[in-house]
Each structure stands twice: as C-alpha cells, then as structure tokens.
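Protein chains: 2
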Amino acid sequence: MRFVTAACVAALATSGLVAAPALADEGMWTYDNFPSAKVREAYGVNVDQAWLDRVRGASVRLTTGCSSSVVSPQGLVLTNAHCVIECVQDLSSPQKDYVKDGFLTATREEERTCPGMQAEILTQITDVTDQVRAATAGKAGQDFVRARDAAMAQAEKAGCGDDKALRCQVVSLYRGGQFKLYKYRKYADVRLVFSPEYATAFFGGDPDNFNFPRFNLDMGFLRLYENGRPVATPQHLTWVSRAPKEGEVTFVSGNPGSTDRMLTVAQLETQRDLMIPVAQLQRSELRGRLLQFSSESPEHKRIATDPLTGLENSYKVFFGRQFALNDAAFMQAKRAGEAELRSKVAANPQLAAEIGDPWGEIAKAQAAAATHFVRYRQLEQAAGGGSLLFNYARDLVRAAQERAKPSAERLPSYADTRLPLLEKTLLDARPVDPALEQVYLEHWLLKTREYLTVDDPAVKMLLGRESPEGLAARVVKASTLGDPGERRRLWEGGMAAIQASDDPMIQLALRLDPPARAVRQSWDSEVAGPTDRAAERIARARFAVYGDQVYPDATFTLRLSYGKVAGWTYRGQTIPHFTTIGGLYERATGAEPFALAPRWAQAEAKLDKSVVYNFVTTNDIIGGNSGSPVVNARGEVLGAAFDGNIHSLGGAYGYDGTINRTVVVSTAAATEALAKVYGLNGLVRELNGGRRR
Amino acid sequence: MRFVTAACVAALATSGLVAAPALADEGMWTYDNFPSAKVREAYGVNVDQAWLDRVRGASVRLTTGCSSSVVSPQGLVLTNAHCVIECVQDLSSPQKDYVKDGFLTATREEERTCPGMQAEILTQITDVTDQVRAATAGKAGQDFVRARDAAMAQAEKAGCGDDKALRCQVVSLYRGGQFKLYKYRKYADVRLVFSPEYATAFFGGDPDNFNFPRFNLDMGFLRLYENGRPVATPQHLTWVSRAPKEGEVTFVSGNPGSTDRMLTVAQLETQRDLMIPVAQLQRSELRGRLLQFSSESPEHKRIATDPLTGLENSYKVFFGRQFALNDAAFMQAKRAGEAELRSKVAANPQLAAEIGDPWGEIAKAQAAAATHFVRYRQLEQAAGGGSLLFNYARDLVRAAQERAKPSAERLPSYADTRLPLLEKTLLDARPVDPALEQVYLEHWLLKTREYLTVDDPAVKMLLGRESPEGLAARVVKASTLGDPGERRRLWEGGMAAIQASDDPMIQLALRLDPPARAVRQSWDSEVAGPTDRAAERIARARFAVYGDQVYPDATFTLRLSYGKVAGWTYRGQTIPHFTTIGGLYERATGAEPFALAPRWAQAEAKLDKSVVYNFVTTNDIIGGNSGSPVVNARGEVLGAAFDGNIHSLGGAYGYDGTINRTVVVSTAAATEALAKVYGLNGLVRELNGGRRR
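If you're matching them up, the sequences are chains G and B in order. Numbers 1 to 693, taken from the working numbering, label the letters of the first sequence in order. Numbers 1 to 693, taken from the working numbering, label the letters of the second sequence in order.
One should not assume that every hint holds.
For each label pair, taking beta carbons as the anchor points, the in silico distance ranges come out as [claimed, not checked]:
| id | chain 1 | residue 1 | chain 2 | residue 2 | range |
| --- | --- | --- | --- | --- | --- |
| 1 | B | E248 | G | P457 | 27 to 37 Å |
| 2 | B | P598 | G | D143 | 50 to 60 Å |
| 3 | B | A429 | G | T574 | 50 to 60 Å |
| 4 | B | Y570 | G | P457 | 10 to 20 Å |
| 5 | G | P298 | B | G360 | 33 to 43 Å |
| 6 | B | Y570 | G | G141 | 25 to 35 Å |
| 7 | G | Q602 | B | E296 | 32 to 42 Å |
Hint data in this document are derived by calculation from the structure and do not stem from the laboratory. Just so it is clear, CB atoms sit at the ideal spot from N, CA and C, and this is done for glycine as well.
Please put together the full structure from these sequences, using the hints given.
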C-alpha cells in the first residue's frame, strides 16, 4: 500500500541513476515542469496546459497521508480503502466494527466526518527561491535552518493571509534547489461515503501486499463538505467503467510522499548501516507485540487491525529499502552516478568554484549523524512510539511554548500557517484505546532505555524509579487527554494551563522536552543544517549539468507521472497486466487473509467474473500516491493506484521501468462491485454523472 | 550472558586482525597448543603440563551450551545461574516457581536431575587430520561434505567403541586446518543443587546485560551423579573466597561456542547484508510477541521468563555483531588482514600453487548463499521456530529415516556416535507449554510464508488451505509428543511407527521433510561444500605464513584463555575493575529488573557490603564460555565468567585487549551470599573442603 508512511523500495533491482536525466516513464514531475514533449514523442499524446489544469483541479491531497480525486460534481472523492481505514476505525466501536463489515451509506445523511482529515486542492505554484536564498545567505548550521524555516513561514503567511479557506505551504524541491509556494483550497470537513470490508479491501493481507497478481477492492469514497453541505465541484474527473487496454498511456496525479533518489552515497550508507536497521528492528518488535495483542481477544483484534496494517506496510517498505541498499551492485550504480556528476562539475572550473565540495560536507555530517541519530530518534523524532495521548501531550506542550514566541522564531511545525491543521488534528474527537496506548508507550520507553542505556540522564529523568511498564500503565490510566474538551482547554489555556495541569501525560511530555530540544538542536546544527546547505549546491550542480530534465525527490506535493498499462517479465516469467474478479474466487481459501467477505461469497453468481479487477502500469509512484487517480489520455479516471509490485520496493532510491509497476484497482471492478455486491446504485448513478438521490 | 546461543560482538571497536599472530591476551587456545612461553614472558607464570592437566580435568562442558568446573571432591559443579535457568524452569510448575524464588537444597536428597543435560570432561586429544584428509581427497561439493562427515563419524566410533561412559567427537579446528578427536568422560545424570532468584541472578535484566558495572549473582551449582550417587571427583579446583587483585593473572577454561574471526571478507559481507539482518528482524518480532505474551498473565510471565531471557541475549549479541560489521573502519581492517595474508601467499610461488584461490572460491559461493539462504533457514536451519514439539517431531522423523541407513551415510547429527545424546534429549521428561508452542510455531509459519511467499510450493504444502495461526493451533492442541512415553514409542518403533502415527506434529514434520532436505542438499553442494573445501586451504596458508602462533575459531570445545584483572578506559572514562555488594543496594530502584529479591532485601544489614561482587578481566571469551571457572596462577577458582562488556560484542570477529572485558561473578560474593542470604552453610562447608553433611 502506498500511503505516506510507506516509501517504496526494490528488493531486487533498480537502475537507480537519478543524477542523470530521467529514463523512459521515470519521474514524479511537478505540474510546472511536466515533460510534455517527451510524452508526445513516446505516446503521441498532447498534454497541454488545459489538460494539466483540468487534472490538477480534480486532484486532492488528504492530509492523513494519501492522494485522491474528485469524481462527481457533488464533491465525491475517490481514494483507497487503506486511505480511509483510520477513519473507519475511528467511527467504529466495540458494538459496530465497520472495518470488518465495511462502511456503506444509503443516503448523504449517513456520511460521517473523518476525524483529523483535511482535503486540499492545489490552485497555484509560485517561485519563492530568491527570497528564501536571501534569508539564508552566509548562514550555517542551526542559523541556516532557522533562517530558512522562518523565510518559508513568512512566504506562506504572505501567500494566504488570513483566508481560512486556503492553505499555503512552501516546498523545498530538489533538496533546496528550488523553493515553491503551493497554494491550496482546503476542505476541513471530509466525510466517509463508502469503504469495503477489510477482507475485500485487503484480501491477501500482508502476504500479498506489494505483490501481483492482486485482487483488492482497495477503494474508498469520501465527500467534501463545507458549512454542512456537499461542496459543488464542477471540476472533476469523468468516471469510465471500462477495462484498461494493454499499452495505453496512463497518468498518475498524486502526492508521492518521499524519495531519497538524490541523496549522496554517504547519506545512503548512513541509512543502510544505521537508520534503517535501528528503525526496522524496533518496528519488527512492535509488530510482534501487536500480532500477539491481536490474538488476545476479538476486541484487541478489532482495535489493532488498522495500526497493524499500517505497521506491516511500513515494515515491508523498509525491508525493501534495506535490501536494496545492501545490494552491492545497486550501491555501485549509485556511486557511479555520483562520480559522473562530480566529474562533470570538476570539468567546469567556474561551476566547481561556485559549488565547492558539498559531497565532502555531507560525508562529514554523517559522523555527527552517527553520534546523534539514536538519541534524536528516541527522544524527538519517534518519541511516544505512536501513542496518541503522548502525541496530544507533546503538541499541547510545544504549542503552548512556541505560540508565546513570534511565528518566525518557532519550531517550524508551530508557525502561524501550520496552526489551523494542527488545531484540527488536536481537537477533532477520536477514540483512544488504552490497551493499545499501553503497548505503544511501553514499547517506546523500553526501547529508549535499551538504546540510550539505564544510566543516561534523559532516561533517568523519564523513568525516575519506575519501570517502563509501570510508568506507561500509570500515565495511560490517569491521563484525561482522550477528552477533546480537555485538549481544547489546554490548547486555549496556553502555558499557564499546561503548567497547572496534573495530567501525567502532560507531565511526561514536559519532562522529556528539555533533552528532546537539546538533541534536536545538535541535529539541526551538526546534521540537518550542513546537509541542507550542501544539498542546495548539489542541486545547483545538477541543474547546471543536466538542465531541467530532472525531477525533484518526492515531497508529498502534487506530481504527475506518465506511463502505460503493461505487465512485466522477470527471470523468464511474464506477469500479465491485469487480474479479473474471477481470480479472486480462485485464490480464496477460506482462511484469513484469504477469506471472502460474506457479501462477496453471496454475490458470486451475480458477478461478471471477466471484469478486470486490478491492473499494473509503468507509472513511477511511491507512498503517498495511494488513492491517486489513474487517468487516460483524455483525463478520464480508469482506477485508483494503491500499491507497487515487489520490484518497486527500491523506488525510494531509483526507478527501473522494465520491472517496476504501479498496481491499480479498476473503475470497472468498482462499478461492478458497487452495483452487484453492495447494491449502492445511488453511488453508481452519481459516478456515472447523475445525482446520488 | 555468554551461553552458546550467544556469540559476541563489538558495537564499538575491535582490532579484528586474526589472520596475524595473536595480540597480547588474545586467543581461545586449545589445550594442546597453549602459548605457555608467551604467558611466562608476560605474566611470569609457569603454565606447565601438570597445571594444564589439572585444570583440564576439572573443566566441565554442559551439553546445554555452557561451561563449568568441578569444585569439590563430591562432584559439585560451579556454573552460571543462566546456564541452569532452563533446568530451573523445567522443574517449576504453576504451583512452584523456582525461577522467581530460587532453587535451594538443604540436603542431597533435594537435588534434582536436569532434563536433557549432560556433563562432559575432556580426557584426551588425538590428531586425526590425515585420515579425514584421505577420505576427502579429490572430492568436491556435497561429496566432499559427505565423505568428511563419514570419516569424522568413523573416527569417533573407533575412538570410543561402545563404552557408554565415554563420548568421542571429532572437531574441525582452524576451519578444516586440523581434525582432532576429543574424548570425554560423560555424566548423563546432572542434578541441580542451587540457583538464586531470577531477580538476583539477572539483576538489571536485559538493560544491564553486556554492561558493567554489574551486580549479578549469576551463579548456579550442579552435581554429577552416576548410578544414583554423587560422583567422586578427586580432581577439582580449589575454591578461594578472596577478592581478585588488580593486575593479577587469570585463566578462563571453558568452551567458547563459535567465532567467525577467520571468515573471509566475502563471508562477512554475506553475514552483514543478509544472514544477520534476516535473523535479527525475525528475532525482534518474536521478542515483541514474547514480551506481549508475558504481560498477559502471571502464568504467561512465568513460562516465558527463560525463553525471553535467552532470546534477548541472542538479540543483543547479534545486534552487536551487525553493527560491528556495519562499521566501515572495522571492515577495512578485515580487508587489510586478508590482503596481507594473500600477498604473503602470492610471494611464495610454491605455496601459491598449492593453495590456489580459495578466497575466490568462497566469494563465488556467496552468490549461492544469497540464492538459498532464506529458504535454507526457514525450512531447515530454523524450522519450527523454537517449538519443542516440532523439534521432537523432526528428530523422531529424521532419526527413523536415518537409522535405517549405515551410520556413515546418515545426516551427521544421526551418526551412531551422536545417538546417545540425541536419545537422552528426546526422551528426558520436560514440561511443554502449549501457549508458548503456539507462539513459536505460528511465528515460524508466518515468517516462512512471508519470506518464501504464499505461492511457494513448500509453503503450499505446509499450509494447505489453513492459516499459519489455525494450523499451529490445531497441531499444538492435538499432538501427544509432550508425553515422553509416546516419544519413546516412536523412537523405538522406527519408520513403521512414524508412518502409522496420526500425530499432526509428526505429519507436519513429514510434510516438511522433502523440501527441507532438498534445500539442504543445495546448500551443502553449492555453499557448505565449496566453502569448507576452500577454508581448509586458507587454514594451510595461515599455518604456512604464521606458524602455530594462531588459535582456531571457537568450536564449543575446551579452550584456555589468559589475561589479567583490569578495568578499562574508553573515551576518557575509566571503569574500575570491580563492583561490591554495596553497589547492588545503591542501584536497586524497587522496579523490575532493578528490584531486589526479598531475601536480599532482608539480609542487607548482615552482609559485608565491601565484598567484591563482580569483576572484569582481559580474558578473550565468547558465548559458550558462560560458567567457565576463572582461575588464578595456582589454578584456584576466583569466580565464574558470565558475560562480556559492551565492547566485547564484536568478539565474534576480533579481540581488542584495551577495551574487551570478561565479566565474572566472584567466589567471595558467592560465599558471602550462600552463608548470609541463603543460609546454605552445608554448601559453603563443601566448597571450603568439608563434606556437605
């Protein structure tokens, strides 16, 4: 599944040379630098500005980490089931498990708001590189980071003012090579319309995740609301319920979350030797805890389903990344790419003088990264280990501290332009499961003690004379932050309310804050600052050498990729480009995760088994692209991208069009299922251009 | 803890150059090649043959993976608490938890036999290199492996005949450089005399494991029995209850389990990039399951204590190994060592011609290792995932198949000379915990499906239409292999009984056997065979270049290491060489694993807090050395080695005497505790040369 906790990775093979101009079908292109000429040449399709504007205007980013698209004039949004599963889980209860049973609405009145979810449509891109550059000129280390972040926040403020319907975000593209202001129309009331049963959306579960052939109705529908009414969306994609044709051109418009294709070899080695192994080992242990937790009772299984699905997906993604980097040939290709760029720079004395030795500077920062990483991770980056209550506490504490300062001097996540979404995320009501909270918090405290050691001052401050297990139990039991009213009180009360609070989770977050900020400062000064400053010059070198025929690393902002419907051949075996609904019934064993949902078992005779269920394309995507519309040359939607094949698991570092594939759930199958399995004819009518009812 | 599931590893720094002659204090020397001259020069101590014979004759190997020593004339054996914890757990029940409470005996009648444990004292070493070489001459691949294994089994048979009091074992030393026949006097009835409370033996738990300062009474006592009576052991070490002196010479006589110091760089890269990561990720997930399992109920906590302790120890060991290999400087030193040996070989044309290119051959075998490893691991090497019932089933199935063949044609573990210990292990009564069995078996099936994929023929054969969870539950519930009588029936009934059995665990083992044997054959032919054959020639090269001033990699056979009592200095911080009993009380917080056992809390006023509790020495040891006597120049026992410091975690690959340390529990503390905490004056009397009572 390609949501944003996921990146993508190739266990097996990737060419991995992004220093050089993009290969055929490669690239996650910004809308303001799409290689239309190349596409025309390769596919004979004319992607003009009108086409781009039309597709962009229907492309929707979900702040929860996914992509989606508007597919009706009444604000109906197509995405993946795995992009709404957190919402479905939040709307469920011990009495009603929509994750298991699916969430079906017969009328608009049954559509329900997804906590914490905001939808955003990109309306404008403006270059602000010069003003950010001016702010950072001559600065280094933490000063560099602060000046840059302040300039970005300032540009955001200037771009959107106080308009509550807009969101402005400055994006660093090409790792500091460009800074662009992205302006969005935002929708803070997003309601759930449809999600299939878990057994249907995730048929094959973790074993089949990132594999193909696949048989998943990984599709969900949302609707944009404003002032309690559906938003009118004249700009939407046309839904076509037909099978994709082999070789036909496809475009994916969505928000790839993060790639590391432009990292230097030194940075990749740090990922390989330190960052990924440490994170994966902890993830793996937590996975074991959640698996065992799930086996304890049906209710534990219910509440752990969504978290476990997400965790296993991330685990698989980083498994692929780790083994891509462990592949000597792959790293050799990366080394060759870097050497080529460096030699081209060296051959141009003026450029060489301007660029200096950013590769050396980044290599030097790796020693600092090795020194600080584990501490930075445990105390700051991954603090709380996924505990919702802890996250609330830390955001409340930090927001109270930061809001007392001028916006430009705050930690970037608390700048004025970031506060509306933070406030929504903090204050929206969501269920909190104490048993799960205990698992997360205990796991994090145990690992923090393990990695930093018992005698570390921060660990001593966190634990006092308590055990991780005991502290977690006490704090989870007594915290009242699960109550949105209490969170609002602390949010509005600022530092005075925080300091007066006897909530033990608030006190834990307060206790952690000084050492967390200290290591963050070391990280910014010695790692992030020098790295970002050097990376800007590598970006400049790349532009100078390769022109604009390169695309930036993914940044969870809107991109367009092109490709075609195509299977692939690997080690002599050819995988066809599609599966059918009939294949689902053949693969079902009756045992989870290969068991059919009851509705599907009952509907078997009614369904056209020849309908294309899932298909694959050569589009270059990554985590965050989940839910992206897959559109044809006319800009009509053929499906929603939901995964990559196993070969694409190295996609964080490179793309190989011969075997990397995007996996898509077809509109054809969706129409068939909505009508015949779910009996949602109103929804089908709306998709086909009518009104729901 | 340094028992044999553990190897040792250096997260931080090791010199790692074992191709060259050993550095000061480095080496796990065989008793027939001990560098007495070097020791005399360094420490002024004369280790003559009489000294060696005396210490050897009191050194005891425990087949469960530890070392120990005879310390009284009545067969009393000193080892570590962590070396007897499995026995203590086996003797416990839901009604009586000896792990938690300690196992104390007032009289000999209360001493109880440890299931599956055999004690062995080395009596003779004979060189059989020539006969093994003759058998393998001109052979390659699997033929080479088979011929060698058959020749080894034959030499064992010839060495011990049918004498049931003896065990003969041919050991490959220097990775095939020498083959030696080790003859042991064996004791199959080993009884538990004493083990402290878990809170005392493992104070500080996993967080303090491999750290120092330490405060562990990691000490246990066993007694050798024969014909229902204690064995007379005139040859034993003298117990001295005095503090070790800084700088005094120390010898450790024990059985280091396994080191990889002589591996080629290509082999180390395969460990680093494939074998260790895969195993650690699975271990980490299982750890999470067991941690969560332990939290479910006091009874789950009780039954999981021993397995979790062992698993966390292995995890930490391999964590250290992984990060030692991930250290570029460390690998560079390994590369330099290999290059030096190769250039010295190349400089001698006759030697070069004789040796050929074993490094190249081993590098080539790594491609085959990459192809087969995961399959080999899941189906053969780690099959069953730790399930005791599965292990019983597989041994019963394989033994029935193999015993039908002539000894020389069997899988090595089923040769005639190996059967007595196998039979004991299989037929001794041990408790089986179905809930734990479910965790192990389910985990293994899940990971096997994950790594080999759903569509793999072996996975399909294993699972059929069942889920891993469902299959594990069905099989664990219905198997009767927990009954030693049933195991005996199948052991004695041979293949006919196996094939007639409707035990589902037997059926699972039968189903797994063909694909498991197939991948084992691929492994032997393409990886083990070529590697072992090449390694023999590297050993020859090493002898030719460096003479006999090198020691072989550890093989869980008796070795002697020398060193001295000494703290160390790292990054400007100096760690003293000892801790005191008083330090225990200072470190205690009251929360696990830093809570005192009740007896210790009560005894505080009675104890002499200045008594040395744990101390460190420069001896070079590794997992398997746990329980080894640490003796002084006179051959008196000063303590039992039980751990290494954190810097020694790279010990599998090299030794750095400036910071690598052995951690020892002192006889002085043991005497103080036995008398004042446990009131075991009879045991103290026996240790001091009297009779117990």
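Evaluated hints:
Evaluation of the 27 to 37 Å hint for E248(B) and P457(G) yields a pass: the beta carbon distance comes to about 35 Å. Range check, P598(B) to D143(G): about 57 Å between beta-carbon atoms, so the 50 to 60 Å window is met. Judged by the Cβ atoms, the range 50 to 60 Å given for A429(B) and T574(G) holds: they are separated by roughly 56 Å. Against the hinted window of 10 to 20 Å, the Cβ-Cβ separation of Y570(B) and P457(G) comes to about 18 Å, which satisfies the hint.
P298(G) and G360(B) have their C-beta atoms about 58 Å apart, which leaves the hinted 33 to 43 Å range violated. The beta-carbon spacing between Y570(B) and G141(G), approximately 28 Å, falls within the hinted interval of 25 to 35 Å. Checking the proposed 32 to 42 Å range against Q602(G) and E296(B) shows it holds: the Cβ atoms sit about 37 Å from each other.
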